[in-house]
Amino acid sequence: MQEASVVHDPTSSPVKTSKPRNPLWHNTKALIGLGMIALFILVAIIGPWIERYAPNAEIFIPGQGPSSAHWLGTTALGQDVWSQLVVGTRVSLLVSFLAGIVATFIAVLVGIASGYAGGWIDNILSILTNIFLVIPSLPLVIILSAYLHLGNWGIIFVIAITSWAWGARSLRSQALTLVQRDYVVHAKLAGQAWWQVIFGEILPNMASLVVSGLLFAMINALLTEAGLDFLGLGNINAVSWGTMLYWAQNSEALINGMWWWFVPPGVAIAAFGAALSLLNFSLDEITNPRLRQRKVR
Amino acid sequence: MTPTEPLIQMVDVDKTFRQGHRVTRVLRGMNLSINPGEIVALVGESGSGKSTVAQTLVRLYEPDHGQLVYAGSDVSHIRGGELKEFRRHIQMLFQDPFASLNPTQTVRTILLRSFPKESKTSGQKALEQHLRDTLAEVDLSPPDNFLSKYPHELSGGQRQRVAFARALGVRPQLMIADEPVSMLDVSLRLGLLNLMQELNHSQGLAYLYITHDLASARYVASRILVMYAGQVVESGSADAVVNRPQHPYTQLLVAAAPDPEQRGKRDESVTINGEPPDLSQEIRGCPFQFRCPLVFDPCLTVNPAMVEVGENQWARCHLFDQRQKTVVRG
Amino acid sequence: MFLVKRASFYLLTFWAAITLNFFLPHLMPGSAVGAVMARAHGEMGPGALHALELAFGVNVHQTLLQQYGIYLSHLAHGNLGISFTYFPEPVSQVIASTLPWTLFLIGLATIISFVVGNLLGIYAAWRRGRPLASVLPIAFTVMAAMPYFWVALIFLYVFGFLTGWFPITHSIGTEVTGIFHRFGSIMYHATLPALTIVITSMGGWMVGMRNNLVSVLSEDYVILAEMKGLPEREIVANYAARNALLPAITGFAMSLGFVVGGALLTEIVFSYPGIGYALYQAVTNQDYPLMQAIFLIIVTAVLIANFLVDLLYSRLDPRVSND
Amino acid sequence: MSKNRSWMWAVPAASALFLAAMGSGAFAAPVGPHVGGSISIVASPHGPWADVFNPFAPGETQDDIVGDIYEPLVEWNGSTGAHKAWLAQSWAWSNSNKVLTLHLRHGVKFTNGQLFTSADVVFTLDMMKKYPAIDTSALWSYMTSVKAEGPYTVKITINKPDATFLYYLTGTYMVPASLWKNKNPVLWTDPNPVGTGPYQLKSFSPQNIILKRNPHYWQKGKPYLQTVYYPSATSNGSVILGLADGSIQWSSIYSPDLRNSFVSKDPSTNHTDVSSGGYDWLYVNLHQYPLNLLPVRRAISDAINRKALSVISESGYSTPSRLDGIDAAQSSWSTPALNKKAAAVYNPKLAESILAKAGFKRGPNGMLLTPKGKPFTVNLVTASSFTDFVSMTSQISSMLHAIGINTNITVTSVSNYSNKMEDGSFSMGVMWGASGPNPFYTLNPLMNTEYSAALGQPAPDNIERYSNPRVQQLANEYDASTSVAVHKSVIDQMANIMATQLPIIGLLNRNSPNEYSSATIAGWPTASNPYWDNSADVGPIVVLTQLYAKK
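Protein chains in written order, with the numbering used here: chain V, 26 to 322; chain W, 216 to 545; chain D, 1044 to 1366; chain P, 96 to 646.
Chain V on its own, in the form it takes in the complex (with noise of 0.2 angstroms):
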């Protein structure tokens, strides 16, 4: 026969057992990043426990270094450093983790929805997706949280609302590529509903780039969240690593060689920023397995 479409199938064997080993548990990369995480979050969860005194608490003398009664010192206002540090992990975390999900949410919604449904629906969703891609997103952040002053959520909010663009527009392509694959066909022919076709064809076979999408978009609201909070547009009342980074600002911390206050909360954000983005370049290297090879010759 005259094609040699021929496939050499690498695992002819049939009397395979186990389910795929999970590649993530074998790169030295992503577990560092998973166990960063892990910690931070745990931080964030047992925070009550292992702060020592109200973050908020203007009670002591202000201005000290680090000692065995404030591991990290205490404020210009009188406040005692680690235990700020420690329960602004939660909010910090949360802002990260909420307007993430919620930005990769609407992502989802719009790039699956711009994919499966093709037509003007697709027209009008990606002229939105490129809209939203194309105004720049930190100012339009600053000037709507400097309009709106807003609480946490309405922070997770503007974050959310200006950040899904880069996700919907690349689910949007794999949507597209997905819609024509044979299974999805044969899931439409078997007269499956829109919804099972998207929640049990394509959903799962997008499940890598969503989840890479969730991490650039919490390290993206991490990043976001301590600028507004650094530029005091945030909720400056709530313990946060940006607003601690604000007050300290504003009493010229590191001026007044105050660094005990200042370094800790950015080394916080560095940390559980490098940690989501180490997360994120070891889920790029397994699923594309050419990262992985090294060179042949």
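Everything labelled a hint here was simulated from the structure, so no lab data went into it.
Hints may contain errors.
[Unchecked claim] Chain P is nowhere near these chain V residues, computed Cβ spacing over 10 angstroms in every case:
#1 Lys54
#2 Gly225
#3 Ala296
[As the list claims (entries may be wrong)] Some chain D residues near chain P, calculated using beta-carbon distances under 8 angstroms:
#4 Ala1094
#5 Pro1131
#6 Ser1140
#7 Thr1212
#8 His1213
#9 Gln1324
[Said to hold, decoys possible] Listing some non-contacts, in silico: residues in chain V with all C-beta distances to chain W over 10 angstroms:
#10 Leu64
#11 Ile131
#12 Asn148
#13 Leu158
#14 Gly176
#15 Ser237
#16 Trp284
#17 Val292
#18 Glu310
Treat the numbers as computed from the prediction; the structure is a model and nothing was measured.
Built from N, CA and C at the ideal position, the CB exists for glycine as well.
Could you slot chains W, D and P onto chain V? The hints should help.
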């Protein structure tokens, strides 16, 4: 449905695709009919429109013109529940066994999702039995070895059988098999073709077997349609078409195919020169004129009609025009 | 056809931005007068409240639609209004004195970041497997996840304040004359802010280029070139990098918006008199005319940049024009 | 600090050094006041400068610079309320205090060479009538006419006696009629200002405004410093860095630990002092139950630890205030009889017993219930950019919580906070109050219904909406008289009302730090010679004209 009535018919179907300014006429007056329990092969090169025929038959496409008739009723433009109901009777077997199974689902899930709703109400035990029976039907045994597997843990042939089982789960009357073996290892092909025939005998399942390979068409089908540039150019019983090809295109196809008697060898002197015509351009005359070794004047101006060229054998060629036989639909 | 389509999309986006821009101030509680009064901490005379309302022309009674119409017609005439912060200086003048600095600083930083990032990305893909090539992408990805205002502040403190190597404010020295001195002074003042932007934004370029290039390097035509025995350096430069650059160029246009926005924090930290800092001031003073104009300028700049890249792209890759 | 850290600062510093080396030997004895040298001033960070020198422009962006170029009729000391005759040499009231006659200084010239005369005063004031948008002191709500009588005399008539009018009138900057005749003063940016002041504009850039000495200034021989630099600054932090390395010589910014960040860099030359003036009040909405009850306000006052507010929120610059609204700097206006009544005490136990006596009981959760049985909850509003208020508010919240009062804090934008306070849509909030040369300027606006408004309408000063006819009577008494004794008696009675009725609760006397360096400049006001308020804000010409280079 009377026994003589065809299961499904395509009558003068046109299908055109638009992409920007490009208008491609993929099907032009396509005629086809399949009787209950019949295996019909549709043979043609890539680009001849055979996959479009398949997708129109399951109403993934609506015909622009002409009719699609199922069990005596016009289903060309039905929608919603009616369409869903219609599709239950027709299933597809895809070419690529790697792309046709959802990589995130186990065989069990894949099959369960394909079963019609009523089968799920019959209780857990009956359902399990149904799963096993379906796998047994496609010769995947013991079924327990396969139910919890993911597609990437199966071989190509096994995957294609799972896809087969998934299609059977709906209990269709017609299976459209679009090049189901072309991506399989040669050694596995015969097995799948035999399976198709078995199910035809045991369940009266009708097939439209789409292929570019005349030899396998003859092996499974009782009737062969040869397609070129969006229309049927020759049709007839499998033996007649392969042994006594009338249309110059069919003759070339037969000559180019490896001789089943002398395995692996073929007549190297015969090749089909040139390429199929560009369907986005208006074609005047016979679409095969550009490659036909026997081309003569009328071919350049008039598209020939289908004429009877033998017992139950029709061809669309000016060579037979003089006899002025009754024009019939393929 | 492709370009007409893109152009009409940009017009639509522009309109959306203008409209958003118009309606935002109406969502906000409080007024500019309140902000000015509050900032003066009671040092203003008893008639100030009324006087300021008159000066700023607030409390005008028109329907929202009328105001929208007036806003559009003013925009069409290039009238951006008068800044409340710098009253009575026209907004256009504030922008004229800040925008060039931002374009210079961001332009410089973006180009450096783009070039160096992509070169490092090529290196990481070409020499992958080597320790440095494996560590670099990770290091810069981690850098990109750091809050850059924090990095900027630490730079300012260490390289500006403690060591005294670089200036801590402004974009040019006082009474610097002569073109060379001016140029030198401007570059000197731009060093720290630009460096901050570069090191925190380079990772994205680098990883993107590396991933693209690794994919391209395993394409058939590259393998073919390898089999033909072409030197590796030539393959990377002539075949692979060129193809991997296309997505990077789209990314470049898309990133402009982010960089202009990101520069805002850098400008604030380094007291750099650019448009980002002006936006911050407008926001804190509830100076809507200035805020609206800056947002519009940023959007316009991003749209123009995107359109230029579309032009370039349709030249580089003939496929897109048939899209 | 390092010498070559910035070209910007290096240039003026180097030229000063160069001049010094030329003029005298290395060990030259300090020289007295002489012309020469320069100073860099950052009063407070305003961001890049705009090319606007219109002295009537609203906002505060260029206030500090405009005051060096344009001059008022009288200079008032913001801290003590003392004044110096400036463009007006003297003044007198007549016609039962309804006509004010101003006698102008002779021989004052604008920098374009034109003589400053009564025509300019009349023009400037008439312009304010024509353009109410620039009449920020509402002068024309009193004035009925302004007339010149000869080149150096101006007669101003007001509709009823008002003893505070002089203060508001004489703070107005005088502009030359000839140049402003055809200008709309609301929209005129005045890029090339011409005034009578000690300095004139040399060059403008958004990053630096440079002023040069006015050689024909009416104070002969002054000013001494040849050049004044006003580099723009965007944050307190950058100003402190500039102060610490000596590139900025004078500033009035707030920073929590100046001893550490500035003075310690060179204690022999780096100095700080404070300007007093203004108050931080805890406003309570007198239209809300139970804040309208005197015992409640008394208890709230007693529950507040003002010392803690001072130390933690204001780094100790601002000091605990009395309850009668009389600042320590203006203590000459208070009488000893008031001292006990007006002293603020921190006594939470007392606060609790006052509330208990007034019928407030602890509820099941340990928090207070009002006599009507409802939970006693107060909302505190504050503005996010005023970080000291945010900190104070949060402290007050925990102090009130300690005596059983539940609080919610709303942190909002400056403008929203300001609007909420002015409109009376607040329960409690920390805010400033008016101030002036004596306590009357504070007490009267705070308590007089003239400065109040209906709820929902913006009130200029009396935002707690206190109403007491006695205050109105006292104000009329004050306005009708020019006698210091009468004024003292009115102030004493008003202070008495304030301390006993507590319409608002005094928290701190607002003091703001000033920073200056005597390394290259002499002539500063000192503790032993406090000749004037040392603030670099708002036209510091009284001090600026005294400063001179050390070498």
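(request) Please verify that hint: D:Ala1094, Cβ, nearest Cβ of chain P, below 8 angstroms or not. (result) 5 angstroms, holds
(request) Could you check that no beta carbon of chain P comes within 10 angstroms of the beta carbon of V:Ala296? (result) Since the minimum Cβ distance to chain P is about 25 angstroms, V:Ala296 lies beyond 10 angstroms and the statement holds.
(message) Interface hint check: D:Thr1212, Cβ to nearest Cβ on chain P, cutoff 8 angstroms. Holds or violated?
(response) 5 angstroms, holds
(request) Over 10 angstroms to the closest beta carbon of chain W is the bar; see if V:Glu310 clears it. (result) Nearest chain W Cβ is 19 angstroms from V:Glu310, so the label holds.
(request) Compute the least Cβ-Cβ separation between V:Gly225 and chain P, then decide whether it is above 10 angstroms. (result) 47 angstroms, holds
(request) Grab the minimum beta-carbon distance between V:Leu64 and chain W and tell me whether it stays above 10 angstroms. (result) 30 angstroms, holds
(message) Is the claim that V:Ile131 lies outside the interface with chain W correct, judged by CB distances over 10 angstroms?
(response) 23 angstroms, holds
(request) Just double-check V:Asn148 for me: nearest Cβ-Cβ distance to chain W has to come out over 10 angstroms. (result) 15 angstroms, holds
(message) At 10 angstroms, judged by beta carbons, does V:Val292 keep clear of chain W as stated?
(response) 39 angstroms, holds
(message) Verify this label for me: V:Trp284 is non-interface relative to chain W, using a Cβ-Cβ cutoff of 10 angstroms.
(response) 50 angstroms, holds
(message) Next item in the hint list is D:His1213. Is there a CB on chain P closer than 8 angstroms to its CB?
(response) With a closest approach of 5 angstroms, the D:His1213 hint holds.
(request) Verify that the Cβ of V:Gly176 lies farther than 10 angstroms from every Cβ atom of chain W, and report whether the claim holds or is violated. (result) Label holds. Min Cβ-Cβ 39 angstroms, cutoff 10 angstroms.
The structure meets every hint from the earlier list without exception.
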